[in-house]
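Novice: Spelled out from the first residue to the last, the chains are:
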Amino acid sequence: MFLGLYNYWIVVVLMMIGFYIVIAHGNLIKKLVGLTIFQTSVFIFYISMAKVNGGTAPIVGDGIEIYSNPLPHVLILTAIVVGIATTALGLALTVRIKEAYGSIEEEEIQKKDNSTC
Amino acid sequence: MLSGIYGLLSASFFVAMDAVDVAFTEASVGAGISTLLMFLAITMTERRDHSVRHKPWLALIVVVVTGALLIYGTLDMPYFGSADAPIHVHVAPRYINDSMQEIGVINLVTSVLGSYRAFDTFGEVVVIFTAGVGVLALLSVSRRPENDAKIDALNVSMHEQHLILRIVIKILIPFILLFALYVQFHGDYGPGGGFQAGVIFAAAVILYSMLFGLSTARRVINQPLTQFIAALGVLLYGSVGVVSLLNGGNFFDYNVLSDDPVAGQHLGILLIEAGVGLTVASVMIIIFFNFQGRKEYGQGQAKGDV
Numbered sequence: 025m026f027l028g029l030y031n032y033w034i035v036v037v038l039m040m041i042g043f044y045i046v047i048a049h050g051n052l053i054k055k056l057v058g059l060t061i062f063q064t065s066v067f068i069f070y071i072s073m074a075k076v077n078g079g080t081a082p083i084v085g086d087g088i089e090i091y092s093n094p095l096p097h098v099l100i101l102t103a104i105v106v107g108i109a110t111t112a113l114g115l116a117l118t119v120r121i122k123e124a125y126g127s128i129e130e131e132e133i134q135k136k137d138n139s140t141c
Numbered sequence: 003m004l005s006g007i008y009g010l011l012s013a014s015f016f017v018a019m020d021a022v023d024v025a026f027t028e029a030s031v032g033a034g035i036s037t038l039l040m041f042l043a044i045t046m047t048e049r050r051d052h053s054v055r056h057k058p059w060l061a062l063i064v065v066v067v068t069g070a071l072l073i074y075g076t077l078d079m080p081y082f083g084s085a086d087a088p089i090h091v092h093v094a095p096r097y098i099n100d101s102m103q104e105i106g107v108i109n110l111v112t113s114v115l116g117s118y119r120a121f122d123t124f125g126e127v128v129v130i131f132t133a134g135v136g137v138l139a140l141l142s143v144s145r146r147p148e149n150d151a152k153i154d155a156l157n158v159s160m161h162e163q164h165l166i167l168r169i170v171i172k173i174l175i176p177f178i179l180l181f182a183l184y185v186q187f188h189g190d191y192g193p194g195g196g197f198q199a200g201v202i203f204a205a206a207v208i209l210y211s212m213l214f215g216l217s218t219a220r221r222v223i224n225q226p227l228t229q230f231i232a233a234l235g236v237l238l239y240g241s242v243g244v245v246s247l248l249n250g251g252n253f254f255d256y257n258v259l260s261d262d263p264v265a266g267q268h269l270g271i272l273l274i275e276a277g278v279g280l281t282v283a284s285v286m287i288i289i290f291f292n293f294q295g296r297k298e299y300g301q302g303q304a305k306g307d308v
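Read top to bottom, the protein sequences are chains A and B.
First residue of the first sequence? That's 25 in our numbering, and the numbers climb one at a time after it.
First residue of the second sequence? That's 3 in our numbering, and the numbers climb one at a time after it.
Source of the hints: derived by calculation from the structure; they are not laboratory data.
Keep in mind the model is a prediction, meaning the values are calculated, not measured.
Please note that a few of the clues may not be correct.
Stated by the list, open to error - Listed next, the stretches of chain A that the computed footprint assigns to chain B, with coverage defined by at least 3 CB atoms under 8 Å from CB atoms of chain B: (1) 34-44; (2) 76-82; (3) 96-105; (4) 109-120.
For every residue, glycine included, the Cβ atom is placed at its ideal position computed from N, Cα and C.
Okay, chain B solo, but in the shape it has when bound (with noise of 0.2 Å):
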């Protein structure tokens, strides 16, 4: 709960800071998302700590030290919002000054997202899809039918007591998709884009299956398809630059995608921020799913053995 407020927290101080983009997305993933998945562990390992802290003088002195040499080393920093500060005179100008005749997206964080560094982003939608694996790997389980039938029957003894949010949820999650969507395709004129987009279509779909119950979640959300949808992701994201290789540019260079280059640009973006979208939400629906699904195999397999 703590971190939910936390996530909340850091999220209000990013407007505060003028970072709309980032603040959606810490909104999501911090206020929601991570907590659920602290939840998950913690509910799936131990509830109560009983752990001896080894040498906490020791880490106190360790970490007093190293803050105070961080501290000493910010004495050279530029000042709080200084407009002269390093930062502020090498890259960000040509982005600011030019971006809008180059690329022609009011959003310029989209449009360095999606177009001037659009390597970074390759590289860490590969991470993330990489992340999915190996969450798949580490916690997926063969499902077994007999197994099947008694989760089902904790989960509708369960679900039965939460009769008023399942039906306000339910009228709810068909416009959590469609502000997914209005997310995904407004990024280039308004905060947003395919990684708060993925990140909130996952949210609904998360919700769902927390009050439904998994195995019906299951039923509606296809677990292989969706993992063909993240590598479909990251497929789109990269065939785009390869695209634009083959058309005489550089690598994600989408000014030869059209015979305009705006019109490429605009081309460009909206192929990888769907690629973005598409395996950000799946990674994150696959990451819940495994999750829910090796909970629930741990309480069918101590149901058996009594």
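Chain A extracted, bound-state conformation (with noise of 0.2 Å):
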């Protein structure tokens, strides 16, 4: 009876894999990769939300009466091209940090950062 909500499940599923990925690792980049893969459970979230049976997809055409949500669709394709100019940014900063502290392991950093004060 629960069956109908397996989508909401596989979201939680995704988002808690990024989710573990960001706590769990010291790397980075590797933190980044759990961001993008929590982001991609958001979109995934919002777009099952969006969908309805038997519709179809929000352009306007003859004889056709179902359509999609399209609201959510607007959010989360502007969302894609944020989250892509935002994780240019992360990696950006991390590329920084690599060249400032010679690592990207949190640990090393935060070793770093104590022995100079």
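Both chains are sitting in their own frames, so use the hints and assemble them into the complex.
Specialist: Given below as structure tokens:
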């Protein structure tokens, strides 16, 4: 009877995979990959909410009565492009951290920070 | 590579969910550019991962508990695909039923993106622009001529190997650019729009610079001009709003742009999509060029030290 909720469960599983990578790994690039997976799970959440049974893509045509909800599509469409832009910013920061510290491991960076001050 | 497949997979998932516009974006962003940026960043930092996972069991417990709570929360959610879910009864019917009279654009996603929620989209374009500025501030390197010569020599030796690829890509690039323009201006009638077109356009430029070397691409694409265009896109978008304000309407109220409200809407959407496309394309190019430039700069430095 709860089978109709499976889309949310897939989202939750994906989200938790991303979350685990973010908190369990010390490597900054891996953290960013985890964030990207997390992000995709949110996209899937929105898009699967927009789906209507028997509906079609929200492009008006003759003889079509049911459309998917266009609003989540709009939000996610822009979110994807914003997501890649912010991920790029994060990667840029990582590259600078590598140049400054010689490492992208969280613990080594912290060790260096502590020893300098 | 895996992340490219992941992007492609989620794109096909979005097609299955009837979200063609979103799928389009994800296919060009997820399968192309994001994978590429990840590669670049990884080669610039460390290939091998020698991290010690701190307290993986604790993390696992936290994750499992959070996941269980979230799944418990979903038990109250509306079923997948049900038409009477709260999300479908609030503003969506207005968009679906009235937008043909009010806006006259067949693709509902475009009309919601460009007109009903133009303010949101403006904010998002500004975020993208800001991210571009941030990458520029973090990674841009002042170029020195002696380094350039070294990098050029490196590039020539590297790129002579890919003769077939280069010829094929040379033929393909005009079509990719043309396709980007088609996507840009066809957004009113089918899936497409400024965001997708910008990314596809940038992908063509990135392909070119990957195969012919950054310094060649820099000669074709003027960097200061790209930065100017990024700002110009945001300016164009914003000024459409200001013009409608000056004409007596609300901010981003395109009805006042022309005598006929529907024609005004068309004009407004066309202009803001153009603004979006310009900004997205040039920001993506800026991001890639700066990553690549930083990498080659690092290689040049390393060679100089030896």
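Novice: Hint by hint, say whether it matches the structure.
Specialist: The hints, checked one at a time:
1. With 6 residues having a Cβ less than 8 Å from any Cβ of chain B, the region 34-44 of chain A passes the three-residue criterion, so the hint holds.
2. Only when three residues or more bring their CB closer than 8 Å to a CB of chain B does the claim for the region 76-82 of chain A stand; here the count is 6, and the claim holds.
3. Here the region 96-105 of chain A counts 10 residues with a CB under 8 Å from a CB of chain B, which clears the bar of 3, and the coverage holds.
4. Under a criterion of three residues with beta carbons nearer than 8 Å to beta carbons of chain B, the stated coverage of the region 109-120 of chain A is upheld, 11 such residues being counted.
Of the numbered hints given earlier, the model fails none.
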